[in-house]
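A.B. asks: If you read the protein sequences in the order shown, they are chains A and B. The first sequence begins at 1 in my numbering and counts up by one. The second sequence begins at 1001 in my numbering and counts up by one.
If you're looking for bench data, these hints aren't it; they were derived computationally from the structure. All figures in this text were calculated on a predicted structure; none of them were measured in a lab. By construction, the Cβ of each residue, glycine as well, lies at the ideal position given by its N, Cα and C atoms. There could be a bad hint or two in this list.
Taking lysine-lysine and the DSBU-like style, the derived pairs with C-alpha atoms no more than 30 Å apart in a straight line are [unchecked claim]:
1. 14(A) x 1095(B)
2. 379(A) x 292(A)
3. 1151(B) x 14(A)
Across the chosen pairs, the derived CB separations fall in these ranges [stated by the list, open to error]:
4. 1022(B) x 380(A): 17 to 27 Å
5. 1072(B) x 29(A): 55 to 65 Å
6. 1072(B) x 244(A): 44 to 54 Å
7. 44(A) x 1210(B): 25 to 35 Å
8. 1134(B) x 33(A): 31 to 41 Å
9. 380(A) x 1567(B): 26 to 36 Å
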Amino acid sequence: MRRPAFPGLRPGFKGRVWALIVKESRQIFRDPSSLAIAFALPFVLLLIFGYGISLDARHVPIAVVQDARTPASEGLVAGLRNSPWLTPRPYPDIHSAVEALKLARVDGILWLREDFGRQVLSFRNAPVHVVVDGVDANTARLVEGYLDQVWETWLAQRNQRGRDLSIVPVDLEARLWFNPDNRSRDFLIPGLIAVIMTLIGALLTALIVAREWERGTMEALFVTPASILEILVGKFVPYFVLGMGGMGITVVMATALFRIPLRGSIPVLTLTSALFLSAALGMGLLISTLAKNQFVAGQIAIIVTFLPAFILSGFIFDIQSMPAPIRMLTHIVPARYFVSILQTVFLAGDIPSVIVPNAVALALFALFFLAIVLAISHKRLE
Amino acid sequence: MVPDDPASPILTVSGLLKTFPSPAGRETALNGISFDLAPGSVTGLIGPDGAGKTTLMRLLAGLFIPDSGSIAVMGHDPASDPLSVQGTIGYMPQKFGLYEDLTVQENLDLYADLHSLPSEGRRLRYASLLSMTGLGPFTGRLAGNLSGGMKQKLGLACTLVHRPPLLLLDEPTVGVDPVSRRELWAILKQLVADEGSTLFVSTAYLDEAERCDKILILYNGEILGSGPPEMFRREVSGRSFRATSPGQSLRALEPQFYRLPGIVDSVLQGNTLRLVSESTAPPDPPPGAGQIQLEPVPARFEDAFMVRVLERASGIDRSRETPTLYDSAPRNGNREGETAISVHDLTKRFGAFIAVDRVAFSVLRGEVFGLLGANGAGKTTTFRMLAGLLPPDEGVLTLDGMDMRRSPAYARQRLGYMAQKFSLYTHLTVRQNLVFYSSAYGLSGVRQKERVQRVARAFDLESFFETQSGLLPQGFRQRLALAAALMHEPPILLLDEPTSGMDPLARREFWRVIDSLAVLGVTVMVTTHFMEEAEYCDRLVILDRGRILAVGNPAEIKARVAGPDLPNPTLEDAFVTLLSGAAAPAGSAR
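Bound conformation, chain B alone (with noise of 0.2 Å):
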């Protein structure tokens, strides 16, 4: 089955073309791709949500019939012999299925006997693959009572039990926190090695491009590229700069650099601008920036990333600025410095559960602060309690000086608080949203129907004003889901993972409102699980179980953890640093 030359691809994919009925005709989710995997590579599907990345993976293991094209898996088509291929690969859907009320070991056993292994060679094989997971203390433990990386890792060992020549992996690391995810990566590497297995790994993080031996770029269902991590970096190697300006943020001024021609991505990292330029040679700050220094950075992945996906998203008017979308800005009345959010001994219980345990934390007006942590952190329920959804049992909190317990309508109004999950109403067009947001919060007449204009026209929906909300492409969704909690000019907004499911244009320009509105002094305190995300935060938290862990701004969280070993942290090296610092015997810290 397996052909006997190893340079011969394990996969092929020819013209691989799918398309999916929707409201308007049918909508192509592949448009006639082709690649193939040599054997014993880690390849990395790189792509945006909506990409087409699980279409992919599910035609890959014969779950979808192609519209056209061929895919030869070891030499059997998916479509014609579905069983060959399934019988033969190993596939880890995104949302694996555990069994949750059965254990680890008897989930394990359910695979194995589903793949007729024999009794024999059983015990080694669960052996090597609890040791590989670490699950081996917990074979008696119920899967839904496990943790979400452990279940990932239960998930995979459930896939690996045939020891598959070919594993297929739908983002397993969605919704696994980083010290999890790296763990995933090593188990990954680890099975590379010792069995010789090829990986097709599907991921909506650019970071982990680099793990990869190679990589296709997946965008709009096209191949935007394919190569190693190196091939990218060099294609964009002395184009990336570093712009500082000393003691001040750049925040302001990013939407001056995003315009300046020959400028392809600025993104900010903490107090400084991080730029990819067009050609080797630095650009040129624009004028009025005050004083700026330049200074190359080592190309990363996603920067080349953005080359190719822009190359291909033609039509960005860059020159368009984003519209103002307060009337009276937050600042005035409001001295710069001021505390906005203050938060002291905070603590919720649920039974013997402490999700928030006496965390204290205050933002300043204006300053964007980030809550980072893993999933079970407690970062929803700090969030649910500062929008006063969820009261707190213990602790102090206050929204512009006002005590939230005591007078939480007042706070309310203050407040413009964006849900994780898209929380209007799906039936409802634009405008009706728009318009039943400002009712709710005490808006009519001639001021609603400037607000319902003004806010329509900042996130350019004014072309889906008749468009029922479900429709709408998911990057519009959530711009329509923040336009509602900015109908009554909050001067705090809280903004509960605005970004998770847009794909990376649509999340620079979603972040280039919160700037927008961050220089207009509107405070806002954003989740992600983005850990470049967490870089565009003013200062940041990071929970842990309901504590926190650190404060304070990306450098000096990055700074923690900095050492001989580890010269130039990025954030999620902090992050795992610091969390496998606070899971490893207590004592130490306090």
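Isolated chain A (complex conformation) (with noise of 0.2 Å):
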């Protein structure tokens, strides 16, 4: 009898799950629903985010009503058409400019009143009304900003050509770092490896494993000498080359197409990125032997992994920014903390503060998962 390679594991452990790896490969690359979510939806994905969606409020349309045109006003709506951000049109009264609002042809209304002019002369509080398109709350605050923005630059020209006296205690002058231009691509698309990963490690992994039990292949599979670590494995390797490749796919798109600066370290990046996979996998397993028909498997996949992956990660929306209760459901999404390492890595650098506990983190999870699919997948049918 031969010895065999490892302690624990039996004979010809490593040809079956050859076998099993060379199976699942020709698999892979013969069945045309996995090769579309292992490269065409990442592809898509990176596209959309690339050039279709923008976070940047850029020209956002305002309507600007003057009851009466004076100096100040006039000076006013000049600074408006300064701003890169913002578009003023003008309407001429406050009920049309509401009118557009709702039709969505405008993001906001700043309304100059009748008495504008005279009660900046007269040094008392201006009054300035400005009406926000509250639907999209992310523009919504960045209107407000930069018409705050505004204002201010306003008020500090008006004072430097010593017209007038106004008191403008605090100058604000704000600074990206990291970030200058401001680009929201340079934050999506990092963040999208998590999504990209997301897919290929636990829905297609569920999907996958779903069907072997829809098709019967999975009790064909039971009644051979592989025992249950064996295909766990054959299962675990090619969906992991599968998930690095997409990161691959994203790293280099990301950088030579999108000009995405990588201020960070390929090896961190590559160890992370693993680690994030493995997590992944762990859950598309785990959902695959508790879920054992595609429908179901693929239903419950999107909602506990690509979901949370999406919307709770803080690739799109803002963790800081969510109310407490789902602030601190975000702690036991693993797209957070490996979310938080991409952006990371990609527009400041391997910084260990930051990149060390969330990679903890990542690193519980996979251990978590994997550990729970070992222990309770067996060889059985009930």
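If you follow the hints, you should be able to join the two separate chains into one complex; please do so.
C.D. replies: Now the structure itself:
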């Protein structure tokens, strides 16, 4: 009898695992739906997030209503025109402006009342009414901020000219670090790697294993000398390679096509990706041991892995601005830790104080899910 | 590992008990069964669907853990030491898991690798398996592109790759056409002869029993008998008779024969009736039956099976007459001999594939007309066109003289259709389903109430009125499906494999209902994969790859293939001979 290569592994372990890996790889490359999830979907997502979706507010249309045209109000509107973020559109009265807001032709209204000029001159609080379309909270916040900025600038200019005296105790000068151009693409695309790895690691794996149950191949596989560990390793390895491949494609496209800086190092990126992918695969395998049909497995995978990776990871929506209970919930989403690592590695660099704790969290998740899968999987049908 | 004494059993089972959780507590799947298998034998595990065959196979393969009792597979306990069992035996589950996107060769390689087969021995093993299964020319083909029979053979080849001394086959012939079925059995026989393997084969086809050395009858989780097929046949020898009435079908008289004292079983065979009696004395025909000739016929395994099953299933009320299902018999106002369904040059293409190719036949009113064919022969496609669910590409289809194309709504009103899969709402109760289907056909008010009551009584569904349809036992689900199709008293019934998954007793009951409808003048068209059920038909067509291979009554079709080497062919013999004749180089037939 041959001695096993590793203690605890049965003879023939390597041969059987290799046979399962070869089988799985052949299936991946012959099955259009695997290829679609592994390659086409990441590609489409990259294009959408690279070109289609932008969270930047540029040239946001703002309705401007001047009840009375005075030099003061004209000055403010001119300031608005100079802003790269806002585009003023004059409306004759407040009613037509509100109408335009309702029809989503404009995202906000700046209403300068009749007594605006006088009030400014008499050093009283000039009534500037700002109405912002709150449907898109993100844009609303940006518009509000930009309008504030325009207002401050205008006041400052007046002060410089020495015509008036206005009390502006603090001079705010905003400066964005790490993403000076404030391009949303630069932080979206790194986060996309987490989404793509979730797709391959959790969704695709859960579907593939459920398909083996549906087609009866799992039952046939069970009555062979292959142990449950060998069957699981035979699933893990090919999809691990596929997921890392997806990561590689995304990194190349991100840096080459979208010119996103990669300030951190490749080894750190690879290592943390491997940790996250292991956690995602653990979740995918766990789902498929619980749900043995493709439809249910797919639904569960989307709800418990893909959607959280999209919504609760900080990939699109800022975790800090979520309500406290939701913020708590994000702590059990592995993608949250990975997105944080990705944004740091790409935009800031290898910063140990951010990367180490997040990587430890990912390692714990990976261990947790894989341990559960090993513990509850057995070669039985009940 | 293998016991030295060749006579000692290769597999021993004793007191095996297995239960599963069910909505009503725990359901017993196997109720303390014991048996053993002698090495080098072919043992058939015969029983209807739901008898516990698959549960037993999975227990033997270590995929289930028994509640109590013990199993020894070549000295190993599959529950505590599954890998030793799974590494040695060959197991082919009912839905054999072939990787459809791998080629024939890649599937074989996978199983050879998993069994750590040394590469030196592989070439020889592959060569012998491929020649045995006839898959040699197709090694490069994707398993998904093989025909049903070939897939089954490949599954068998994968299971055999490591020369298992014990082979567990769970219904290897289900869903396989009769030609491939015979080929599979030939392979299995050769395997036993060449390699001395021990085979344990489960099947729901009673006629396959005759191919085994020994039979275990499994019924409701219990073994109702074990022994060689001759033993079972001897038990009932001299008790089987054929009743004939010159020039008339015995369909209408069957219920009366069935209720005769001393009659155990009665089934139609074409125009004749096959009876099994309690004793060797021929039974007296029922009074008023007219001129009946009775002649003894050789006993079959099926007769013994029915005797054993009926002994166990006590409490069958034979006196209960099937109540009349229709208010107005469809025969009224219609002359007999009139054509109910007529089909001319019916063609259906799916892309380049011709599913139904210039099919023509006509069905008379009150006839039971069978549609037979292998999987993919075009049975279901033809049925769907008849039901108006699929428009034909060419051809004329008339129901009750109305062109299906011009007046589909009228035609549909005249039709009752029972689909192959259970197509009722499983979350609705029996009553809700019947009410829904009757209102879908325009019944309402008092009339609807009456119909629901009457149909439910006729099908013995009253006690299940408030039961969710999905929780009904299989036989009752099928009855409910037929009941729903009958709500509007259609003069034409289309039944697509209505008895699949029913046990032989329930099947006989179901056919009694169909017979009673036919006697009323309802035209019944039916597909089936049970050859013995084809015998219940007045006439039938055999389809092959979309074309008609033969039309006629069972006797005529059998006569077509009768010859010196096959003086008394069964319908299956006829089917196989006709199909293999068609598969031979074309030209001879035209």
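A.B. asks: Indicate, hint by hint, whether the structure satisfies it.
C.D. replies: Here is what the structure says about each hint:
A hinted pair counts as satisfied when its Cα atoms are at most 30 Å apart, and residue 14(A) with residue 1095(B) qualifies at roughly 28 Å. With a C-alpha separation of about 14 Å, the suggested pairing of residue 379(A) with residue 292(A) holds against the 30 Å cut-off. Between residue 1151(B) and residue 14(A) the alpha-carbon distance is near 29 Å, which keeps this suggested pair within the 30 Å criterion. Here the CB-CB span from residue 1022(B) to residue 380(A) is close to 19 Å, well matched to the stated 17 to 27 Å.
A hinted range of 55 to 65 Å for the beta carbons of residue 1072(B) and residue 29(A) is inconsistent with their spacing of about 44 Å. The given range of 44 to 54 Å is respected by residue 1072(B) and residue 244(A), whose C-beta atoms sit roughly 47 Å from each other. Distance hint check for residue 44(A) and residue 1210(B): the Cβ-Cβ separation is about 60 Å, which falls outside the suggested range of 25 to 35 Å. Evaluation of the 31 to 41 Å hint for residue 1134(B) and residue 33(A) yields a pass: the beta carbon distance comes to about 32 Å.
For residue 380(A) and residue 1567(B), the Cβ-Cβ distance of about 51 Å falls outside the hinted range of 26 to 36 Å, so the restraint is violated.
Going through the hint list in order, the structure does not satisfy hints 5, 7 and 9.
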